[in-house]
Amino acid sequence: MIIRYFAMLRNVTRQNEQAWNAPVSSVRELLEELCRVYGTEFRQWMVDENGNLGGLSIVLVNGTDYRHLGGLDAPLQADDVVAIFPPVAGG
Amino acid sequence: MYGWTGTILRVDLTTGRVTRERLHPRDAKLFLGARGLGARLLSREVSPAVDALGPDNKLIFAPGPLSGTFAPSMGRYDVITKSPLTGAIAASNSGGTFGPELKFAGYDMLVIEGRARVPVYLWIHNDEVEIREAGDIWGEMVPETTEMVRLATDEDARVACIGPAGEKLSLMANIMNDMHRAAGRSGVGAVMGAKNLKAVAVVGTKPVKVADPEAFEQAVLAAREKISKHPIGGKGLRLYGTDVLVNILNEIGSFPTRNFRDGYFAAADKIGGESLASEHLLRPKGCFACTISCGRVTKVTNPKFAGEGEGPEYETAWGFGADCGIDDLEAICKANYLCNELGLDTISTASTIACAMDMYADEIISPEDTGGFEIRFGDAETMIELVRLTGLREGFGDRLADGSFRLAEKFGHAEYSMSVKKQEIPAYDPRGIQGIGLQYATSNRGGCHVRGYTISPEVLGVPVKMDQRSTEGKPEMVIELQNLGAALDATGACLFTTFGIGAEELAALLSSVTGVKYTSADLLKAGERIWNLERQWNLAVGLTSLDDTLPTRLLDDPIASGPSQGEVSRLREMLPAYYELRGWDAEGIPTPAKLKELSLA
Amino acid sequence: MLACSFAKERQFRPAASRIQVYTWEREGFSVPIMCQQCTDAPCIEVCPTNSMFRLPEQTLIAHNDRSCIRCRMCVQACPFGNVIYDSYADSILKCDTCAGDPACVRLCPTGALTFEDETTSTRSRKKALATKIKDAFQEAG
Chain A
1 MIIRYFAMLR
11 NVTRQNEQAW
21 NAPVSSVREL
31 LEELCRVYGT
41 EFRQWMVDEN
51 GNLGGLSIVL
61 VNGTDYRHLG
71 GLDAPLQADD
81 VVAIFPPVAG
91 G
Chain B
92 MYGWTGTILR
102 VDLTTGRVTR
112 ERLHPRDAKL
122 FLGARGLGAR
132 LLSREVSPAV
142 DALGPDNKLI
152 FAPGPLSGTF
162 APSMGRYDVI
172 TKSPLTGAIA
182 ASNSGGTFGP
192 ELKFAGYDML
202 VIEGRARVPV
212 YLWIHNDEVE
222 IREAGDIWGE
232 MVPETTEMVR
242 LATDEDARVA
252 CIGPAGEKLS
262 LMANIMNDMH
272 RAAGRSGVGA
282 VMGAKNLKAV
292 AVVGTKPVKV
302 ADPEAFEQAV
312 LAAREKISKH
322 PIGGKGLRLY
332 GTDVLVNILN
342 EIGSFPTRNF
352 RDGYFAAADK
362 IGGESLASEH
372 LLRPKGCFAC
382 TISCGRVTKV
392 TNPKFAGEGE
402 GPEYETAWGF
412 GADCGIDDLE
422 AICKANYLCN
432 ELGLDTISTA
442 STIACAMDMY
452 ADEIISPEDT
462 GGFEIRFGDA
472 ETMIELVRLT
482 GLREGFGDRL
492 ADGSFRLAEK
502 FGHAEYSMSV
512 KKQEIPAYDP
522 RGIQGIGLQY
532 ATSNRGGCHV
542 RGYTISPEVL
552 GVPVKMDQRS
562 TEGKPEMVIE
572 LQNLGAALDA
582 TGACLFTTFG
592 IGAEELAALL
602 SSVTGVKYTS
612 ADLLKAGERI
622 WNLERQWNLA
632 VGLTSLDDTL
642 PTRLLDDPIA
652 SGPSQGEVSR
662 LREMLPAYYE
672 LRGWDAEGIP
682 TPAKLKELSL
692 A
Chain C
693 MLACSFAKER
703 QFRPAASRIQ
713 VYTWEREGFS
723 VPIMCQQCTD
733 APCIEVCPTN
743 SMFRLPEQTL
753 IAHNDRSCIR
763 CRMCVQACPF
773 GNVIYDSYAD
783 SILKCDTCAG
793 DPACVRLCPT
803 GALTFEDETT
813 STRSRKKALA
823 TKIKDAFQEA
833 G
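First to last, the protein sequences are chains A, B and C. Throughout the first sequence, residue numbering follows this note's numbering, covering 1 to 91 in sequence. Throughout the second sequence, residue numbering follows this note's numbering, covering 92 to 692 in sequence. Throughout the third sequence, residue numbering follows this note's numbering, covering 693 to 833 in sequence.
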């Protein structure tokens, strides 16, 4: 699996892209794992005002927003490309 | 009056007469200000058949009732006129500090009529209005014009002006204010140039009054709080600016590439907001009373593309970047600075150059036509040279200066112009994002994204996430955003306040400042009223439902590669529902009942 | 500037703001300028009616609008131009820090303006410099 980071997440994870080999079966699992690895600095961008995963961050699985693939339970395969954007932009 | 100043200033450049008149409370109440009031005046006083570059067209500068207060990010203004590019009603919106200064000088609208015999500029200092000869600034670029006008008037004057592009009547010419902000689209700069008006300088020291100061202060603090708490309005836009959209659009495969031949640009990251922030950003910048600060103060030191100024914004980076097949961010910045200096709309200019590149690649244009130039996708130096030539109407630039539609039509292939109603469409591929396609097709000013910014729900998930590939619910959503957008524009508010607040908060602000009671429903109704008024004008000009369409490439040719490969725009499925929900007939004409309901009958 | 005029007059008139911000468009840089509450203040020295006076036990200089005769000597005397004569309202404008809760500080969205106790402000600057010296020694060692 490949994970691409954008905007502030690049500063937090110190990379633009990362090969991810540990098995995760859903978007929820992946995000929780990343929050564990990168800590509160990462987590703050990935949660809504109630502290739940999701909020305004955009997570794409092979170019499709996870919210149209089953939400946080959207399944992930080993060869997926996941792109994660914190809440940014408009214009 | 409160919020409004109650005075309209008229300047007839033919006779030199300066007059003032009262703003009618009824007009103010129904049409709010800025885009709305301007459309009202234009449709009453100017015939749709008029020559946009002739003396009978009028050029209106209009801030809103909230402009000049500390309502957050609500100090914008519109330039309203008949567009020489589209024939439709143009209302180009801009930020900076110019709009509020008009309010402090005492005016809700500045209406320019007629045509000066020689180049002139206007100097407005509260009640004193002078028309002065502009012989020694005619021909100057925008930054120099701004400084020279200030030297001759007041060193802190707010200045709106045209560059060489407007003087030479390029249909893509804009009006720049505060040196770096643009009333960009629809060729409004050409109308100003056609009137021989080079600049407007304003100093105002009068107050903008508030009907209920306590309630207003509460409403402002509440609105500011919501915007600050919103991740995009509060942090995201300041950190990365609008250009951060590059990677988002590219990763979903709807980032128009090479004149919309494709929707995916492999080198996108090199031109996105992340790269801009790390390589060229000096500091963020905000407009009048703005806490969001999306503006980018940038600089390029590489001598090849050296320059400084504000920007590039997302559409600009897209236009001179992916749309032209270019991945050099410094070249893009340079093109941006050049456009600001020459007074050219970046979206239309970039898209026109991309169109030329596309026709060149398909051998419709040859070096003979271009005066020896090879115009290839990806060639940054040539792109920059073409920007310069376009702004000065030199060589092949003279052909480019009237936009992609007239360029492509001239060569017998209008279908290469990625435009609607002859105005170039911006940086979101409607094949991958269905709702924005409906917005492009139905926008009253031609190809435009800001008037119905469906990207918010369809891509960013604000206020809720809609599936960009679906047509379901899109007509309703587009209509609501278009109505809200019109109301927002008419109050002087910036579109980006929608990352935080909505019609409810806007109504509270408007009511407490003006003393006129508005609910959110009243505001949306005002927006709908303005939309229908603009539509009526367009129909009278001769635009029909046949013009509510997209280039055939976007209806029939699927996106070539990337995550949205294979998609086309399903506009035809959405348009009938759009008309019906708007209360229009099958030809897209507002019914008498609808007009009566909106007090437009 | 908007917060100031609104706090004082309940309307928006930046020309009457007691704090002024100047912007250089080319560089995109802005600087706020406001009353320095000087010791040995020229405005106090020249005032013929004692309408400019220092509040007891404080550094703050206040202006008494009732006793003021609008002679404008203070406007001439201030080396920074921070006393304004406002012809619209026929009054002298001078920052009074809004009774210790300045509106401009409250409304500034980026924290560019802060209202600090003087000793805290100077101490934090001295400490910032001291920290640099300490770090330089550590790097050398």
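If you're looking for bench data, these hints aren't it; they were derived computationally from the structure. Treat the hints loosely; a few may be bogus.
Said to hold, decoys possible - Once the Cα atoms are required to be at most 30 Å apart in a straight line, the calculated DSS-like pairs of lysine-lysine come out as: (1) B:Lys608 - B:Lys687; (2) C:Lys786 - B:Lys320; (3) B:Lys317 - B:Lys685; (4) B:Lys297 - C:Lys818; (5) B:Lys320 - B:Lys687; (6) B:Lys317 - C:Lys826; (7) C:Lys700 - B:Lys120; (8) B:Lys608 - B:Lys361; (9) B:Lys685 - B:Lys326; (10) C:Lys824 - C:Lys700; (11) B:Lys297 - C:Lys826; (12) B:Lys120 - B:Lys616; (13) B:Lys361 - B:Lys317; (14) B:Lys501 - B:Lys608; (15) B:Lys317 - B:Lys687; (16) B:Lys608 - C:Lys786.
Lys685 of chain B and Lys326 of chain B were given as a pair; does the straight-line alpha-carbon distance stay at or below 30 Å? 41 Å, violated
Run the distance test for Lys320 of chain B versus Lys687 of chain B: straight-line Cα separation, threshold 30 Å. 41 Å, violated
Given the hint that Lys361 of chain B pairs with Lys317 of chain B, does the C-alpha gap stay at or below 30 Å? 33 Å, violated
Take the C-alpha atoms of Lys608 of chain B and Lys786 of chain C, compute the straight-line distance between them, and say whether it is at most 30 Å. This hinted pair is violated, its Cα atoms lying about 36 Å apart.
With a cut-off of 30 Å on the C-alpha distance, tell me whether Lys700 of chain C and Lys120 of chain B pass. 29 Å, holds
For a C-alpha distance cap of 30 Å, please report whether Lys317 of chain B and Lys687 of chain B respect it. 36 Å, violated
Is Lys297 of chain B close enough to Lys826 of chain C, meaning Cα to Cα at most 30 Å? 53 Å, violated
30 Å limit on alpha-carbon distance, applied to hinted pair Lys297 of chain B and Lys818 of chain C: This hinted pair is violated, its Cα atoms lying about 43 Å apart.
Against the 30 Å threshold, does the CA-CA distance of Lys501 of chain B and Lys608 of chain B hold or violate the hint? Violated, at roughly 53 Å.
Proposed proximity, Lys687 of chain B with Lys608 of chain B (alpha carbon, max 30 Å): Cα-Cα ~22 Å, so holds.
For the pair supplied as a hint, Lys317 of chain B and Lys826 of chain C, is the alpha-carbon distance within the 30 Å limit? Answer violated: Lys317 of chain B to Lys826 of chain C is near 42 Å, above 30 Å.
Check the hint pairing Lys786 of chain C with Lys320 of chain B against an upper bound of 30 Å on the C-alpha distance. The given pair, whose Cα atoms are some 34 Å apart, is violated under the 30 Å limit.
In summary, the numbered hints that this structure violates are 2, 3, 4, 5, 6, 8, 9, 10, 11, 13, 14, 15 and 16.
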